[in-house]
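Numbering-wise (this note's numbering), the sequence shown opens with residue 884 and increments by one.
One or more of the hints may lead you astray.
[Unchecked claim] Below are the DSS-like pairs computed for lysine-lysine, each with C-alpha atoms no more than 30 Å apart in a straight line:
| id | residue 1 | residue 2 |
| --- | --- | --- |
| 1 | Lys923 | Lys1090 |
| 2 | Lys1081 | Lys1063 |
| 3 | Lys1063 | Lys1127 |
| 4 | Lys1027 | Lys1227 |
| 5 | Lys1090 | Lys1073 |
| 6 | Lys1227 | Lys1073 |
[As the list claims (entries may be wrong)] Just the calculated beta-carbon pair ranges, DEER-fashion:
| id | residue 1 | residue 2 | range |
| --- | --- | --- | --- |
| 7 | Phe1032 | Lys1285 | 32 to 40 Å |
| 8 | Lys1227 | Gly1036 | 43 to 51 Å |
| 9 | Leu1121 | Glu1218 | 26 to 34 Å |
| 10 | Gly1024 | Trp1317 | 20 to 28 Å |
| 11 | His1312 | Phe1032 | 33 to 41 Å |
| 12 | Asp1217 | Lys1126 | 17 to 25 Å |
| 13 | Gly1253 | Gly1036 | 21 to 29 Å |
| 14 | Val1037 | Gly1253 | 17 to 25 Å |
If you're looking for bench data, these hints aren't it; they were derived computationally from the structure. Using N, Cα and C, we set each Cβ at its ideal position, and we do this for glycine too.
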Amino acid sequence: MRFDDPNLVSSGGLVPVMALAESSGLRDLADEHLSVPTDKGANAGLKVASLVAGMVAGADSIDDMALLRHGGMRRVFDHTYAPSTLGSFLRAFTFGHVRQLDAVASRFVAALAGRSPLVGEAGDGEYVLVDVDDTIIEVHGYAKQGAGFGYTGVRGLNALLATVTTTGTAPVVVAQRLRKGACGSPRGAKRLVTDALKTVRGLSPGKPLVRADSAFYGRGLVLAAVRAGAEVSVTVRLDTAIKKAIAAIADDAWTTIQYTDAIYDQTTGQWISRAEVAEIPFTAFASRRTADRVPGRLVVRRIPDLNTDKNKTAGQETLFDTWRFHAFFTTVTDESMDTVTADKTHRGHAIIEQVNADLKNSALAHLPSGVFTANAAWLVLAVMAFNLTRAAATLTGNELAKALTGTIRRKLINVAARIAASARRITLHLPRDWPWQRHWTALFDRACGPPATDTS
């Protein structure tokens, strides 16, 4: 065994993927918008492209960027920077530079959507779904700026994300923020939603519907979304006003829905289920000034409370059902969505949890720096790598369009290739009988153009 082949690369899929990034203007956008000072910020476009390429190939730390400096990588990529150089670049970021990188990310995802079916069009009567959620990224050691114990009890930093999803497409991240680990979920959500909706308007002409859980139910997010022309669907906390509204729902207003353990009766055309939904008109923030009040609907789902310790005494069943209620506030009219559809659509908000898990299984497995702004920049770069990987997968057809990043990396990116040069032309020799050869070829043809026919 010898590590002596100067023409072998371990991630041949980076060639078409980074060609897609180049044609989408990644390097030019970074050069235009980033103003990181001193020699650390020189060639910002090349350094950003290097960091994104490393993340696409599986890097989750600064040291992992060394995977760009092996075999024949220098023959297919310009300026494969050392990990120490890239680390110094990130540590030179201030908050303003992170916001500049946010601008690069929003323009980059728009360019990717123009070159690939990354964000599909919403059908007639369908909404463009914008989901907001935060997640704790666990960190270790005491040198991490901003680290703290958040709502999960885990010491880490808090990443706030917004994704966009349309029918037939997987989620794409359109806005991101890194925050202190101990901050509340809604902190900064107003600005994030405003930025996200601005990006979404450039991606799809459909009407946006912002979905979020109860941690984000407040004037900041709701008013920002409504004033930006979007509808909202946000879980509410069961406070006094909500409980009073639920109590006012008539007994005959409840409709049985498909839910866990439900059975569909084909004879009656109804679901046999113990879960039911109903709705009632509701004005959010009614105690505030008139300009801050938002009229809409309160949609409530109820399921029996089957806690045996509470509902049974000495083995005797309760005489009346007791219910657990889950309510959300929405500005979508009943002409656009009936009660059952609104409830089912709102529950789809959980799709953003898959994005959180996917990022943590990729570049966000670690936040590699002790400097908060460097980690904030790392988050933005991780999002760009995620969107780029997703865009590359959509160019291969429907089979991988919704696959997880790890699956896409295994089938398209981390493919060993041997580089050969002849007549000033570089040829990639890939493994024979690669199971996903058709997908890889489709990506290469669409990202780089069809290769010349080999007549030898």
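Do the hints match the structure? See the list:
1. Lys923 - Lys1090: It is violated: about 42 Å lies between the C-alpha atoms, which goes past 30 Å.
2. Lys1081 - Lys1063: Within the cut-off at roughly 25 Å; holds.
3. Lys1063 - Lys1127: Judged against 30 Å, a Cα distance of about 36 Å means the pair is violated.
4. Lys1027 - Lys1227: 40 Å, violated
5. Lys1090 - Lys1073: Satisfied, since the Cα-Cα distance of roughly 19 Å is no more than 30 Å.
6. Lys1227 - Lys1073: OK: lysine 1227 and lysine 1073 at ~25 Å, within 30 Å.
7. Phe1032 - Lys1285: 32 to 40 Å: 35 Å, holds
8. Lys1227 - Gly1036: 43 to 51 Å: 32 Å, violated
9. Leu1121 - Glu1218: 26 to 34 Å: About 28 Å separates the Cβ atoms of leucine 1121 and glutamate 1218, which means 26 to 34 Å holds.
10. Gly1024 - Trp1317: 20 to 28 Å: 41 Å, violated
11. His1312 - Phe1032: 33 to 41 Å: 52 Å, violated
12. Asp1217 - Lys1126: 17 to 25 Å: 23 Å, holds
13. Gly1253 - Gly1036: 21 to 29 Å: Given a distance of about 22 Å, which is inside 21 to 29 Å, the answer is holds.
14. Val1037 - Gly1253: 17 to 25 Å: 18 Å, holds
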